[in-house]
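Go ahead and model the full structure; you've got the sequences and the hints to work with.
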Amino acid sequence: MFKVFDIAGSALSAQSLRLNTTASNLANAESASSSIEQTYRARQPVFAAALSDAQEAVGVDVRGIVESQAPLRQEYRPDHPMANENGYVFLPNVNAVEEMTNMISASRAYQSNVEVINTTKQLMLKTLSLGQ
Amino acid sequence: MANKLDNALGIHASALGLRAQRSELLAANLANADTPHYKARDIDFKAVLTDVQDAQQGNGLRLTHARHLTTTGAAGSPDPLYRIPLQPSVDGNTVDAQREKAEYMQNAIQYQATLHFIDGQIQTLRTAIRGD
Numbered sequence: 078m079f080k081v082f083d084i085a086g087s088a089l090s091a092q093s094l095r096l097n098t099t100a101s102n103l104a105n106a107e108s109a110s111s112s113i114e115q116t117y118r119a120r121q122p123v124f125a126a127a128l129s130d131a132q133e134a135v136g137v138d139v140r141g142i143v144e145s146q147a148p149l150r151q152e153y154r155p156d157h158p159m160a161n162e163n164g165y166v167f168l169p170n171v172n173a174v175e176e177m178t179n180m181i182s183a184s185r186a187y188q189s190n191v192e193v194i195n196t197t198k199q200l201m202l203k204t205l206s207l208g209q
Numbered sequence: 041m042a043n044k045l046d047n048a049l050g051i052h053a054s055a056l057g058l059r060a061q062r063s064e065l066l067a068a069n070l071a072n073a074d075t076p077h078y079k080a081r082d083i084d085f086k087a088v089l090t091d092v093q094d095a096q097q098g099n100g101l102r103l104t105h106a107r108h109l110t111t112t113g114a115a116g117s118p119d120p121l122y123r124i125p126l127q128p129s130v131d132g133n134t135v136d137a138q139r140e141k142a143e144y145m146q147n148a149i150q151y152q153a154t155l156h157f158i159d160g161q162i163q164t165l166r167t168a169i170r171g172d
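Protein sequences appear in the order of chains A and B.
Per my numbering, the very first residue in the first sequence carries number 78; after that it's consecutive.
Per my numbering, the very first residue in the second sequence carries number 41; after that it's consecutive.
It cannot be assumed that every hint is accurate.
[Stated by the list, open to error] One-sided excerpt, in silico: chain A residues whose CB lies under 8 Å from chain B:
id, residue
1, Lys80
2, Ala85
3, Gly136
4, Gly141
5, Ser145
6, Thr197
7, Leu207
8, Gly208
If you're looking for bench data, these hints aren't it; they were derived computationally from the structure.
The beta-carbon is built from N, C-alpha and C at its ideal position, and this holds for glycine as well.
See the structure below:
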């Protein structure tokens, strides 16, 4: 039963990483740049079950963070300080609606895992006081 | 002495172990609620407990050879089964967070009930030992 803490804990760190990437994406939603290579791209963590072929209960593993390959926004703003020689600036491919739904999903998942840890803690304490 | 104590607690000691194992599986399901291709798993509690009960009362399959098979593996390590999804998601995940949460809470209450039964047995033994 102590494994529950490891499992729910791995989910907590995975979901908080997801919240971090969401915050980073939203913060950089308007970070303009003058070339395609230098523009910020939306980042998403990749979740995978740790040791998925094992028979017992497994936690979550973050396999890495990938950058979105969606096309960047290109705007004609000749007066912008970052504009290139043709007068264009490049803006990140962050989708604010997607990020907000991601944030809600992550925070709900975080809450339910905290609840699991709390319940398990109470059960363990009750088991410890057995027969007293 | 230890054997007699095991018998005194009856089916509840095995049930408590099973409940703890089930809580690990349900916590893993909740932890992997956002993991692509993760399949929710659970133990068929009734079937496993019936097997344990049969084994204790000698009603199960009679093993006359060391390499004979039992009905469900060893009594202590039941095979988790895959849950049939109600609304599977596009990424191949079959975790229904609401259902898993409900099952987890139910399992926690049943764990406490089992603890209560064991506590009662211990109090009975104490009364018998003290004789007052």
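Consistency of the hints with the structure:
no., hint, in the structure
1, Lys80, "5 Å, holds"
2, Ala85, "5 Å, holds"
3, Gly136, "6 Å, holds"
4, Gly141, "13 Å, violated"
5, Ser145, "16 Å, violated"
6, Thr197, "7 Å, holds"
7, Leu207, "6 Å, holds"
8, Gly208, "4 Å, holds"
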